[in-house]
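With the hints as a guide, dock the two chains, each given alone in a separate frame, to form the complex.
Chains as they are written, first to last, in our numbering: chain A, 1 to 550; chain B, 551 to 657.
Please note that the accuracy of each hint is not assured.
Claimed, not checked - Pairs of lysine-lysine, DSSO-like flavour, derived with a Cα cap of 30 Å:
no.	chain 1	residue 1	chain 2	residue 2
1	A	K385	A	K316
2	B	K559	A	K165
3	A	K248	A	K165
4	A	K385	A	K330
5	A	K477	A	K246
6	B	K651	A	K397
7	A	K77	A	K66
8	A	K194	A	K330
9	A	K17	A	K77
10	A	K17	A	K194
11	A	K397	A	K316
12	A	K165	A	K477
13	A	K66	B	K651
14	B	K559	A	K477
15	B	K651	A	K77
Source of the hints: derived by calculation from the structure; they are not laboratory data.
For clarity, every value in this text was computed on a predicted model and none was experimentally measured.
What follows is the residue order along each chain.
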Amino acid sequence: MYRYDEFDHDIVQSRVKQFRGQVERRLSGAISENEFKPLRLMNGLYLQLHAYMLRVAVPYGTLNAKQMRQLAMIADKYDRGYGHITTRQNIQFNWPELMDVPDILQDLADVEMHAFQTSGNCIRNVTSDPYAGATDEEIEDPRPTAELLRQWSTMHPEFTYLPRKFKIAVTASKTDRAVIRAHDIGLEIVRNEKGEIGYHVIVGGGLGRTPIIGVTLRAFLPRAELLPFLEATMRVYNRSGRRDNKYKARIKILVQETGIETFSKQVEAEYARLVPSEIAVTEAEVKRITDYFKGPDFEIINDGDVAYQAALETDKDFAFWVDNNVAAHKVSGYAIANISLKVSGRAPGDIASGQMRAIADLADAYSFGEIRTTHQQNLILPHVKKSDLPALFQGLKSENLAGGNIGLITDIICCPGMDFCALATARSIPLSQAITERFDDPVRQRAIGDMQIKISGCINACGHHHVGHIGILGLEKAGVEFYQIKIGGDASEDAAIGDVTGPGFSYDETVDAIERLVDYYIGIKCEGERFIDSYRRLGMTPFKEVLYGG
Amino acid sequence: MSTLKHKGKGPQSLTANLLREGLNVWLTPEFEWSHDFNEALLSEDSDIIEKMQAIGGRDSDANLVVGVYFIDVDIETGLPARYRERFRVNGPSYDTAFELKNTERKE
Ligand code: SF4
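Okay, chain B solo, but in the shape it has when bound (with noise of 0.2 Å):
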């Protein structure tokens, strides 16, 4: 497994990406795995935060996730406290993606 071990400050996440799909995804409170990070476990509680490490490796061995790592999660704003991470929380600010599916919802 090549998790980052958990180091991190307050609330953690644990986030990866999904093997098959390569898109982000977020561990949820029922352990599995969800694209919106709305949905995402956050806590601090140790025992909890070693569970979730059990899980990415699981998931990480059983080839479903892949590059599997704690964020650490700023308490006021629920967010992710780096900005790097921010941005695989929302997606790119903009993608050529969104205009094309704005051309064809307006043709």
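This is chain A alone, in the form it adopts within the complex (with noise of 0.2 Å):
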């Protein structure tokens, strides 16, 4: 597992004192408001609707028990005793006071966390497959990817500056579980038909007011050309992305109004001008990054653990459970364990501190001490032996986690919304919930199946709602809150973006609306089709009929 090295500890360290010393000076007033937000934004800081919002760091979505266990602290000492898992696995805290932010920051340097590049026009946090390094899908894991571009773009003195924000994912399955083709850059890492290890390079996809799917810039790019190729890239955005329209400013903008083809011939026209090998790192680089995520030493077991398959015969709510949540792993005798944080009548993606510790504690007793967040807004147990599940699941139950519900309707991504965003325009809190009670019923999720419901509440689109088999977007006209319908959007591998439905619905009408989506649905859906595969097949009509009469 990666553990920070000695640059990393200066550079959070010296970060801490850093902003230390600036809050200091904001609060005597030798430093204005507008001096600070910067500032303060470079650490993770906003304010938001009521109060001071802390986004933490979760480089691609990897923890362990230690640090979860300090942000439970955190939550507790600092804020109101829990903590929201965001969409780009990160975790953020809704009430911190800002006389206790550089304190926070150094119980998170204590435990090499830090909250730099979760906000402002940099290359952000990159995301990549929470799955990484226990899925027997990928090509290798894509964490040292992740990590090396960590690295690379850490305050990097070239994109500090970006025209707009910048995200990057990485996967190296071909099933994509972290939306790379509604990246800026996604990668997924490839061979070629030599048996190369290289990487596809997607460009200019992305969600907010314009959504756009990505589009190939390399089909494959040799591995050790990363750097300098993403050097180039970013160098003819910086360059060329606007910076007069705020609107206008992310590179699928560019890349669109550009054209994928001119914008492939500038970036290669600007690869050929640098000097790879001054950008490039070395194998030896390579080597020791990976070798950060050699993994646990699994042990060797088979498969066919008797305890385990008893509970799947005796005990119907963890089969119903481990046939949900859990996945194959790639070493025999364990599995992915998905702790669903989408619980009745809670916010989607809230966690309370009580339930870190204890997830810090299962982590530790069953997966090798190792946790991850996901964008979906759930928590994975990547090692868990299936011998150990039973009691795992046990766990769980006691602490209010073993919804069986991932993947299914009521694992809702869902964004703050008006309850705490300074942006928002309608709500997206409590319609996840009416949504999550409407659906309550196991057995009625089960028969929906694979149903991917995501909720935004503005534009912005952080709840991803573009990408929603079924997408809810909350908007707001003369004071009440309304809400637009897309369906057909797909975040996977086959990744499209929704159609709107037509006219938005009542708060109290949405709820009602998805409702007769679903069953209609159910009703005419062919053996073994998801919702959005009926959708494909039978297009808008009949849905639009459903929803607003013939």
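If you want it as structure tokens, here you go:
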């Protein structure tokens, strides 16, 4: 498992000291709010609708038990006893006080964490497949690449003031669990015909007010060329990205306005001008980073644990949970356990400090101390022996975290919306709760099957509504919130932007509208067909009729 | 001072966030800051509004508050006219902290 090296240690410690000084100067009036704001944002501190909010980086969603306990301590000592997992695998606290933030950053630094690159127009925290290092689908662990990018991009002097924020995601499996096609740059680790490992580079994806699915910039980039090639891409963007209009400043707009062919030529021309060896890292450095991710010492065990099989047969709840929440592991006898943070009555992605500690204990007991956060706002214990799954399930049950709804209709992605966010136009959390309540019955959820509902509280689309099988966008008109429904979006390797169904619905009508869509689908679906498949087969017309009448 | 100059309609209230703790506040008739909008000074009088603006500037310069701006208030309801501002007054309609408090109380 990765550990920070001495460079990170020094950078993080000095940054805490620096921010402490900046806060002191702000409080004394030596610097104004206008001067302070970019400094606090560089340390993940926002001023939201009701209070400050601190966003803590969880690089590529990897956490250890000790870090989780520290997050729990921070939640209790400085906040209101809980944290919120974001759609970029980070964790945020909704109520910190400015005075406490330097101490919080010190407490984070003590466990090798920080809040860099969680805000501002820089390369943001790199995200990755939460199954990294555990799934047998992957060509290799994508985290060494993500880590290389983290080291390269952290405080990169040339890319700290980009036209706009810049998001990169890396995967190494065909199954895309990191929405790489909705990122400024998505990297898919692939093998070419010669069997060499390299990168499929996708550029210009993004959600927000102009949702676009990324396109291929290079179908195969040799591994050694990654940093120089990305540097060339960033330079073209930094030079030509629009700085005159914040809404047109993302790379997706540049790629769209320039056209991918011309953009690609510009990147290649820039690349030809670079001296790659000045930017690329040596093989020895790649190996050094990769070695950090070697993975735990798995035992050699066979797959047919008797107690586990017996538990599957006798405990229906456990069997249901395994069926939905547990994924195949690359090592025989082990499994990947998804922990749902979509608990009835709770905001999606919220986790109480007591639950954080319990998960840290369970990770220590059953998953080599490793925890992952997911962009779906859930958690994962990546390396659990199958024989330990019944005990893990019991442990989760006692913390109200044993929901078997991963990938089902109640596993809703939901941004904080008007309840917390300064930019929101409508609430999203209560709507997600109302939908969860309506579809609470686990049998019904299973009958509906794979269904991704995603809700955003404004056009910025942090709740990924454009790529939801059903996407919901909260808007406001004359002081009343209403909700636009999209269908047909897809966050997977078959990424697609959903289509708007028609006029929006009032808050009270929205859950009924969703239910009409779902019931219609149940009535017409073919064997093995998911909601999204039915939509692709039938098109918008029948779904529209169901929503708005004939 | 980052104050939005008053250009609203009808009664006005002046709002900001406390610099240190970050929470929302509204200016009271005593020209102090309250967490409770019920205590807010609402006025249409241009002299008073000018005074409010001056106090906002003063307290901003004194590093007590940040992000000062005027909001329109609905005469009939006495609440902020804009939906977003009503949310700032009422606080979140849901917060996991409420649930945690209730559980603690039960225990
Ligand atoms: S989508 Fe809008 S409301 Fe939701 S978190 Fe993003 S900016 Fe805030």
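Against which earlier hints does the structure fall short, listed by number upward?
Hints 2 and 10 contradicted; others consistent.
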